[in-house]
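J.: If you want the building blocks of each chain, they are given just below.
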Amino acid sequence: MNARTLDDDLRRSAAQHADRTAVVYGDRRLTYAELDRAVDGFAAGLRQLGVRRGDRVAVVLPNCVETAIAIYGALRAGAAFTPLNATAKEEKLAYLLEHSGSAVAVADARNSHTVQNAAIRAPELQHVVGVGGQIGDTPSLEELCETPPDPPGAYPQTMDVDLASIIYTSGSTGVPKGVAFLHRNMTFVSDSIIEYLGLRGDDRILCVLPLSHTYGLYHLIMAMRVGATLVLERGVTFPGRVVQALVDEKITVLPGVPTVWQVLINLEGLADRELPHLRLLTNAGAALSVARVQAVRKVFNNAVLFSMYGQTECKRVCYLPPDQLDVRPDSVGIPIPGTEVWIENEHGERVGPGEVGELIIRGDHVMQGYWKDAEATAKKLKPGRWPGDRVLRSGDLFRQDEEGYLYFVGRSDDIIKSRGEKVAPKEVEEVLYLYEGVREAAVVGVDDELLGQAIVAHVSAEEGVELDPKLLRRHCAERLEDFMVPGKVVIHDDLPKTDNGKLDKLALAAMRDRPAVGAR
Amino acid sequence: MSNVEQTTGSAIKAEIRAYIEENFLYMHPGLEVSDEDNLLALGVMDSLSFVELVEEVQERYGISVQDVEITEENFGSIGALTRYIEGKKA
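Top to bottom, those sequences are chains A and B.
Residues 2 to 521 (this note's numbering) make up the first sequence, in order.
Residues -6 to 83 (this note's numbering) make up the second sequence, in order.
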């Protein structure tokens, strides 16, 4: 069977490895046959709710086996899925549901208050399906999974050129952008990653990263494609659970971001464990320092480590073959199989080794464009060599060495990378400006061992107003996803300005937590 | 006998509560947290606050927290953490 669509992957793996464990969260374990049956029922249930080919189904869930059912059920029904962060607050969720034009949202019943309030402002949204309980009048996911499956061929076949997913990512303007992918884009990049990592059907992958983010999500997609077992956790909040899963589930593959590694390598006793099954570690989201790479390899001494770089718009750009880790530890490597990259100067000319310029990416992994945003799409994608060919402007600055290995130099925008997630300073600043008495607000990233970058907000007050940093943080926590909340708020009399009167973020970033003279 | 060893169960509980109120609870005005309330489920703490909490516990009580011990059963609530610390010090 040719797996042209993402759902074909699940069908094929269920046919070939019916009794193999597909997905695990806590006490919930589903074999491929069980997952396939649940997906059959959920897809039929979604069709009965009115979902049709090309519709969007928003999946607003933390990591759990139901997330897999919701995503593949949506795909089997012919819809595209939109994974959304389960910690998104009402305002943001309303925007994302409305912008994606989702027909159905699937959410944790315990989160029903936020999702229902957000749903009111999304006119195309017809139903909110609860997990672990009913939300409103719509049957729960568990009930919908019991729907008798539709016979094969009951509805139009999904093709590889159909929309598979819209994945939202922070943009420097502060408004999230929806990155649109066809099945073809997603199966292509999955195959490319499976190839260079050497993922196999007997792998057991531990995913602590949220499935709402591409890095985590692709571990579900790749597991389904090769017929591997995916064990889910929710972050490294309780690393004891993660360590126990590594041992009990005989985990072979562990993807992480620097924050995950920082937590794990500091655990007492982990380095003494054998973990004989663990063979593959991957890092993305942000670069690991050379010292941290050594510490990770020391703790997990049986496993090889892949350093990787990517962005949502094409999922993955490049990886460093593990044998190069000691040769060029600060390189992010070579383009993933089946793709090419080059570096251009500001005139659009290719530059030679050692010169810095913008990284350009070409291949079938590149997105179709931003959902309902032709202007942003035109800036990010430019014509390639052939009719219809398009290449992706990464917006990031790179250089290449004589042998073609890539080095990340910097971002060309002011996006902060914290806990492996992208944070647009503007989005946080706009929330700070909503607070009464805030006159100026500037949000910067400051290097931090645990977070990669910590988010620090610098604020000044209006005349006669006394601001309390704790209350400002609380105000942010009530309106922003967890990873966007500033770890520190510094109150100033006045924020430093550049010569042309703009807020001087470089000075603020260099200031760290020592406020300027005159600050309170 | 050092001060650390003299700390009783109720004193430990009060210290843990004070630490959590000071560092995390101010973000949630009006929220009543009982000894057995789940700090993660209530949204009082997230993954990073637990990293801080583990460090605090190790330093303040002079105990070594093992990798597999950092679980919800041991760190999930004020009561659980108090029992865990008492057990480690016993």
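Read the hints as simulated data drawn from the structure, not as lab findings.
Any given hint might turn out to be false.
What the hints assert, rightly or not - Below, simulated DSBU-like cross-link-like pairs (lysine-lysine); rule was C-alpha separation at most 35 angstroms, straight line: (1) K82(B) / K383(A); (2) K6(B) / K90(A); (3) K373(A) / K251(A); (4) K427(A) / K380(A); (5) K503(A) / K471(A); (6) K299(A) / K81(B); (7) K82(B) / K380(A); (8) K489(A) / K81(B); (9) K373(A) / K90(A); (10) K81(B) / K383(A); (11) K427(A) / K489(A); (12) K90(A) / K299(A).
In this text the structure is predicted, and so the values were computed from the model without any measurement.
J.: If a hint holds in the structure, say so; if it doesn't, say that too.
T.: Against the structure, the hints:
1. About 64 angstroms separates the Cα atoms of K82(B) and K383(A), which puts this hinted pair outside 35 angstroms; it is violated.
2. Straight-line distance between C-alpha atoms of K6(B) and K90(A) comes to about 32 angstroms, which keeps the hinted pair within the 35 angstroms bound.
3. A threshold of 35 angstroms between alpha carbons decides the hint, and for K373(A) with K251(A) the separation of about 44 angstroms lies outside it, so the pair is violated.
4. At roughly 20 angstroms between alpha-carbon atoms, K427(A) and K380(A) fall within 35 angstroms of each other, so this suggested pair holds.
5. Between K503(A) and K471(A), the direct Cα distance comes to roughly 26 angstroms. Compliance with the 35 angstroms bound is thereby established for this hinted pair.
6. Straight-line distance between C-alpha atoms of K299(A) and K81(B) comes to about 28 angstroms, which keeps the hinted pair within the 35 angstroms bound.
7. For the proposed pair K82(B) and K380(A), the alpha carbon gap of about 61 angstroms is over 35 angstroms, so the pair is violated.
8. For the hint linking K489(A) to K81(B), the alpha-carbon distance of about 33 angstroms falls within 35 angstroms, and the restraint holds.
9. About 22 angstroms separates the Cα atoms of K373(A) and K90(A), which keeps this hinted pair within 35 angstroms; it holds.
10. Between K81(B) and K383(A), the direct Cα distance comes to roughly 61 angstroms. Violation of the 35 angstroms bound is thereby established for this hinted pair.
11. A hinted pair counts as satisfied when its Cα atoms are at most 35 angstroms apart, and K427(A) with K489(A) qualifies at roughly 16 angstroms.
12. Using a Cα cut-off of 35 angstroms, the hinted pair K90(A) and K299(A) is violated, with the two alpha carbons roughly 40 angstroms apart.
Of the numbered hints given earlier, the model fails hints 1, 3, 7, 10, 12; all others are met.
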